[in-house]
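Visitor: Sequence:
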Amino acid sequence: MTRSEFDASLSAAEPPADLSLPLQSMWWLGKNNWDHAHDLIDSAPGSENAWVHAHLHRIEGDESNANYWYRRAGRETPDYGLSKERDVLLAFFLD
Numbered sequence: 126m127t128r129s130e131f132d133a134s135l136s137a138a139e140p141p142a143d144l145s146l147p148l149q150s151m152w153w154l155g156k157n158n159w160d161h162a163h164d165l166i167d168s169a170p171g172s173e174n175a176w177v178h179a180h181l182h183r184i185e186g187d188e189s190n191a192n193y194w195y196r197r198a199g200r201e202t203p204d205y206g207l208s209k210e211r212d213v214l215l216a217f218f219l220d
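Residue 153 in my numbering sits at position 28 of the sequence shown, and the numbers go up by one each step.
Treat each hint with caution, since some may be false.
Estimated spans, in silico, between C-beta atoms of each pair [claimed, not checked]: (1) Glu130 with Asn192: 31 to 37 Å; (2) His161 with Phe217: 17 to 23 Å; (3) Gly206 with Glu139: 24 to 30 Å; (4) Ala137 with Phe217: 18 to 24 Å.
Straight-line C-alpha distance at most 20 Å; calculated SDA-like pairs for lysine to any residue [as the list claims (entries may be wrong)]: (5) Lys209 with Arg183; (6) Lys156 with Arg197; (7) Lys209 with Ala191; (8) Lys209 with Asp187.
Simulated from the structure, these hints should not be mistaken for laboratory data. From the three backbone atoms N, C-alpha and C, an ideal C-beta is built for every residue, glycine too.
Please model the entire structure based on the sequences and the hints provided.
Guide: What follows is the structure in structure tokens.
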């Protein structure tokens, strides 16, 4: 799936069936449903899921919790804005 296809899919009521869990979470975030995005990723194992989880807590403004999840993901806390981080996440998972 390309980024354009992902963005176009946001007009649907449900995410495409073949999206990975991190992309499903990012999809719900794209629908402005932070709670559902978080519920999906909250207890999912793995560093990729932890990276999305960190991003969600950064959006929430909970920096200490976000930093915990960045460490779990094995990543540095970004020194750029949320919009760019969303682009980086989507490029990574859609690649």
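Visitor: Sort out which numbered hints this structure fails and list those numbers smallest first.
Guide: 6
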